[in-house]
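**Q** Chains as they are written, first to last, in full-length UniProt numbering: chain A, 1 to 310; chain B, 1 to 288.
Among the hints, erroneous ones may be present.
Derived lysine to aspartate or glutamate pairs resembling EDC-like cross-links, with alpha carbons at most 20 Å apart [unchecked claim]: (1) Lys92/B / Asp87/A; (2) Lys183/A / Glu3/A; (3) Lys138/A / Asp202/B.
Here are some of the chain B residues that sit facing chain A, going by a computed Cβ distance under 7 Å [stated by the list, open to error]: (4) Asn96; (5) Thr100; (6) Thr102; (7) Lys171.
Hints were generated in silico from the structure; no laboratory data involved. All C-beta atoms in this analysis are idealised placements derived from N, C-alpha and C, irrespective of residue type, glycine included.
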Amino acid sequence: MIEIKGLTKKYGSFVALDHFELSIGDGVVCGFVGANGAGKSTIFSILATLLSPTAGDATIHGKSVTRDPAEIRKVIGYMPDFFGVYDQLKADEYLDFYGASYGIPAEKRKVLIPELLELVNLTDKRYEYVDLLSRGMKQRLCLARSLIHDPKVLILDEPASGLDPRARVEMRDILKHLKSMGKTILISSHILPELSEMCDEIVVIDRGKLIAHGHVESIQAQLQGDKRIKVKVVDQLDAARAFFEEDPFISGIELQEDKKEISFTYKGSDEEQVELLRKALLSNIPVYSLNVEEKDLEDVFMAITKGAYE
Amino acid sequence: MHQRFSNPVLMKELKLRFRAFKSFSGLMFYLILLFIFVGGFLSVYTQFTGTGFFRPSESFIMFSVISVLQMALVMFITPGLTAGAISSEREKQTLNILLTTTQSSTQIIIGKLLSSIAFLILLLIAGLPLYSIVFLFGGVSPTQLITIFLFYLLTVIAIGSIGIMFSTITKKTIVSMIATYGAMIFLGAVTAFFFFVGFSLDRIPGGMPTTPIGGPTPSSPITFFWAAINPGALMLTILFPEMGNELANLTNISFPNWIVYLIFYSLITVICLFIAIRKLRANMRHNR
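In isolation and in its complexed conformation, chain A is listed as follows:
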């Protein structure tokens, strides 16, 4: 269980985090969404015991990040957004060094390292120098490194940044596997569709403030309240327009004559939407398709942060 209470971080007059409150359950994969400078990395740095908050506190499994940082380090695996590797060190030596840094006995490390390399598909790179690996491989190796002490909580700051599509897919598959292992994962990313696919919960941050937190579906549904519907007709575009204008739940009608398409904002329920379609067909409006515009996490993010910017 991760509890964040009144977390505030100020750099002079700049407020990076403003009384941030959050609670994340065990085994949950929680995606952090926010623009650059929104405060995601600041939260992650505080949770990773790299930064002290100006006010407030956070606890991971009951231990405070400010009072018991040494205990926190035992239960978290941290992957920063930017990281370097040591020259002249091979992949297995890299993991061995961090394993030793977590106090894992040498005998256990010998067993763990091949397993971790296999998990991140780097078995064949075991004896390669780390600085010669590709970016995607380094990212995966860093992920393996963050897992070496079998942490309960993973804090991954932009783990897929700068990766090509193939490397992103590979990273996503590994994270899905970790999710199935029951790890609590905190992950930030700019690639929102990926987050919505693998996260149980989403946290939207803007300017250091919590804008929204909840299940991916509930946040999306929150936004779907005013859904946008596109109706395509074979002909009789004007008649169709006249028909839809009469509906009390419809507003913001737009016509695209070349596409024979009408789009509008609909405030009715799903049942009322069925009724609308039935009435249109009974009124001989030649509707051949009706689509509700799906709003993905990107739309959610844009819509939610819009208010904050204004």
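Given the coordinates of chain A, work out where chain B should sit on it, guided by the hints.
**A** Same frame as chain A, but now just chain B:
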């Protein structure tokens, strides 16, 4: 037990240092420099004939000069090895990851210091065969050699600690390097300058208290202090004990200057390491 005393940073640093080509090239140039000097010295004293005599007293001069040269080389190399210990990790973006491991700040700092010192000890040991040439001709006691090496060790640890401290409190390696070389110049040259200035000022009539008529004018304790903490001065008093007596006469302080040196450099080491350990996790209140 082994687990408790193992230091992963030390082991990793040793591995990386001894894998790097620059370590071996550095060692090679260091030995070449010493060899050129010893060879040149022998050639000059035997008048380039190879059949000339080399007296024990000359052997002692060679020992003295090699010791001073080695001291200068070690003092010059130490900041280069330690001043980037932490700042280079910061620049390479590996420090944050290291700080999230369960290693304590003390373990990390001590590991960094010991790995640098280990390399410097290797340099000193690698230079021993050249020292053995001195023993070939006699004139130097093993005690003197051991004393000199212990003195090197103390100086290296102290300057290394200064380097580690600057490396921890500054963000850039170049700044840390300049600050460490500055501190080294202060200890090696500025203290000598202060000693001579103090010594001269003390000789100005009416400037300082005087002894009864006929005796030498004693210098102030501060002047003695500048001489006592100067590595060159200590080296000379180890090699030529009569110079130590001369310093005692000049300053009227018969306290052995090596004790002052030992206390001062031990204090520097402890203070610098303490600051480095406290500042390593500067962004955390509980910086352990």
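**Q** Taking the hints in turn, state whether each one holds.
**A** Hints and how they fare:
1. Lys92/B / Asp87/A: 10 Å, holds
2. Lys183/A / Glu3/A: 16 Å, holds
3. Lys138/A / Asp202/B: 65 Å, violated
4. Asn96: 5 Å, holds
5. Thr100: 5 Å, holds
6. Thr102: It holds, given that the least Cβ distance between threonine 102/B and chain A is near 5 Å, below 7 Å.
7. Lys171: Violated - the Cβ of lysine 171/B stays beyond 7 Å from chain A, reaching only about 15 Å at its closest.
When each numbered hint is compared with the structure, violations occur for hints 3 and 7.
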